[in-house]
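2 protein chains.
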Amino acid sequence: MAEQEKEAGLPLKENFSEWYNELLMKGEVMDVRYPVKGLYVWFPFGFNIRRNVYDIIRRLLDKDHQETLFPLLIPENEFMKEAEHIKGFEEEVYWVTHGGTSPLEVKLALRPTSETSIYPMYKLWVRSHVDLPLKLYQIVNTFRYETKHTRPLIRLREITSFKEAHTVHATWEDAAAQVDEAISIYTEFYRKLAVPVLASKRPEWDKFPGADYTIATDALMPDGRTLQVGTAHHLGDNFAKTFDITYEDAEGEQVYAHQTCYGISERSIAALISIHGDDKGLVLPPAVAPVQVVIIPIIFKESGNVLAACGDVMTRLEQAGLRAKMDASDIRPGAKYYKWEMRGVPVRLEIGPRDLKNNAAMLVRRDTGEKIQVSLENIVDELSTLLERIHEDLYQKARTSMYEHVFECSDLGEIREKISKGIAKIFWCGSKECGLKLEDDVGAGILGIPTEQTKDCNGRCLVCDSDASVQVYVARTY
Amino acid sequence: MAEQEKEAGLPLKENFSEWYNELLMKGEVMDVRYPVKGLYVWFPFGFNIRRNVYDIIRRLLDKDHQETLFPLLIPENEFMKEAEHIKGFEEEVYWVTHGGTSPLEVKLALRPTSETSIYPMYKLWVRSHVDLPLKLYQIVNTFRYETKHTRPLIRLREITSFKEAHTVHATWEDAAAQVDEAISIYTEFYRKLAVPVLASKRPEWDKFPGADYTIATDALMPDGRTLQVGTAHHLGDNFAKTFDITYEDAEGEQVYAHQTCYGISERSIAALISIHGDDKGLVLPPAVAPVQVVIIPIIFKESGNVLAACGDVMTRLEQAGLRAKMDASDIRPGAKYYKWEMRGVPVRLEIGPRDLKNNAAMLVRRDTGEKIQVSLENIVDELSTLLERIHEDLYQKARTSMYEHVFECSDLGEIREKISKGIAKIFWCGSKECGLKLEDDVGAGILGIPTEQTKDCNGRCLVCDSDASVQVYVARTY
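Protein sequence lines correspond, in order, to chains A and B.
Each residue of the first sequence is one higher than the one before, starting from 1 at the first, in our numbering.
Each residue of the second sequence is one higher than the one before, starting from 1 at the first, in our numbering.
Honestly, I wouldn't trust all of these hints.
Claimed, not checked - Part of the chain A face toward chain B, derived, beta carbon under 7 Å:
#1 Val41
#2 Gln66
#3 Leu72
#4 Tyr94
#5 Met121
#6 Tyr145
#7 His149
#8 Ile449
#9 Asn458
#10 Gly459
#11 Cys461
Bear in mind the hints are in silico, worked out from the structure with no lab data behind them.
Values in this document were obtained by computation on a predicted structure and should not be read as measured data.
Positions of the beta carbon are idealized from the N, C-alpha and C atoms, including for glycine.
So that you can see chain A by itself, here it is in the shape it has in the complex (with noise of 0.2 Å):
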């Protein structure tokens, strides 16, 4: 693209819907001009964060799940089987009616999720008590005939990127210390994007449609709302009843099993850029920069020494394994910097006569703008212990920033005031009707009930002023 235009600056951060969507331009992660509302096309540079980001959820899962791919098209027959799994996506599902100039037989459903997909197969492969736990998961597009305002990254009609696992096991007590693992495998995940999430279980009525319950991670947006990044749900064995999933157990009984499943999506990259981006545009953890350390070689007359030092450094970064990229191309400074802050590069290097007389060189961090000058000899452990910092700082910072803008409240005005912050911690009954009440009165919608209580809490509903023994999250969602 043009350079003069990618020059012009962005939004502030504080007009935060402006600045999300001017970043994803900017910073190319993201075109939104693609022809139909909805979707949207990866540029190269996104795509290589999504590479990043996925390869860290994938070495995390194979640690003990195994990778699969089930088809994307679901037989209206298999899809309509659950009756509350229906209910819950029969509005926003896409329907396949035609081949060719052909009507179809039977209707084929986009999955919106691949619950009816897996599960007919599910059947064939769980036999015996031998067989369990099964786990398995996918990266996929799936598919959401949303009507809402959509917006790339966050609500999508193609969800180009969802990670769904799907687990099979034993008994109920077994799939909840499954739920358990998901939400601790995706707070290690959202760790390691230096971002921090707050996991509760959401009430009944916010559940996954044909669960028994459902455990989410939330991260908090900069314009006060929560994003929801990830979400595990324990199927009891509704499902298992409806696809006829048993198994033999030790005594030789047929016996239904017992399952969950676990989803994250491109959300992920979402609340990364937007937790850690600034007015000058991205800033990406280390571990999902798809260039990590950018070198700009400073020359005035002659370039011979300095283009050599910065090519023998870049040599030493790419062998100890850094992703280093080397820009001596024929712009001005200025715009180098710019280029690349924008993109988020952790750390810009610069070597330039003055430095390479002294045998150094001089980091600059893109989150914080210190430097910092480092000798030649040294380069590649300063940089890899710079780069682990900067992971942590972002982590910390954003944690701090995060916990800040949790209020405990204890009246509705006060609930009011507090979510156009951030997220509002209240006791409450338990009760639907209190809880929808709430919801209605405060404009905000209740998260759950944090996963990590804290004991002996007690209180009075803010309701109904009964007895409460658990607190909540309240919040304006995404």
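Got chain A; can you put chain B on it based on the hints?
Frame of chain A, contents of chain B only:
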């Protein structure tokens, strides 16, 4: 799955079609029981092969391409822009007509291939000659409403693993060079799968709809039919004119760009499985085998030392980056051999009490059955060398067999006889009339003109008897 089901043997490979179908199930590559015709499920083991195969093509392309991702759904108006292209695909496109219970305003096609999804964006992305060449690729699911007999990995309604590259160049010549480069990359890719391929320029009537010309690579399957396993298309400026993809050249003029596209699918896996497999099951080239070495402890009475020695070897192999697995399960050795042979593990490593006394282990090659005694001390090096040798032997064996099945033929009767065994190579004047007549007469297709032509090649067209300066391949095709 229950052991007894898998224990039944395979049909002989000489009954190729039955053998292939059974092998996909018993070797746990694809499950064919999904309840929609032409859609199949990757078993985790099969998907692991796919990962390794696609890692290879990614590494080859990443040298000077960038990976990206475009939407699956193409609006009818974009899809219908290129007349030749539509003609080629209109009978096999799936159409999404409804979102939820409402009809869509604009019908959406499931991409059968992504030209019409990508090129509206290329119109926006390509501005100046400095943006060129642009070389992107994506690995995606594509859809064809196949009315012919479907077959797992070969003829699918959902192609789950379509790697398609789309490049943009300044000149027709640059694009032509890229087509050659694509064929060279594909040949190298197949070399890494130990699969020999023949490249040829498809006749006019068999080129990609909308292309100037098509060069394809074919593999020879065990039943003598060829499988098209890679295609590269020179699109000229045909799509550039349709989608208005222009760039400003060095003189400041707006001119049309020239384009290519080239694709590979899971047919690559069909080829490697079919060519290398045998009556006992899969025979996987080490580069793509999910398990490269299976360690079988041979235990009679006391297991302590043997198990410890196996564990030690396992650790050393893993540290050396080999994919090793120990099978210390409680089933008889014969059943273990059967299981890992079916799954194509290149080397079985046995250690028993007598081996241990000699500080040795036994290696058994999957491809030849050869047994090799090695000292435990050198086992990592010995195995690494052996895996390379196995790869080379598999390739050479397949290559020799392929060329033994290319027959120079000098009359139609000979063609008819030879194409029941393999590929006929014949003189052809190049006219469409003779070509179609020939195809009709012998009941097979002209693959095309080999990219590597014998020099000073002269003969007479087998149909019209006029001068012919090129030879072409003729074969029964999948």
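Against the earlier hints, flag every one the structure doesn't satisfy and list their numbers going up. 7, 8, 9, 10, 11
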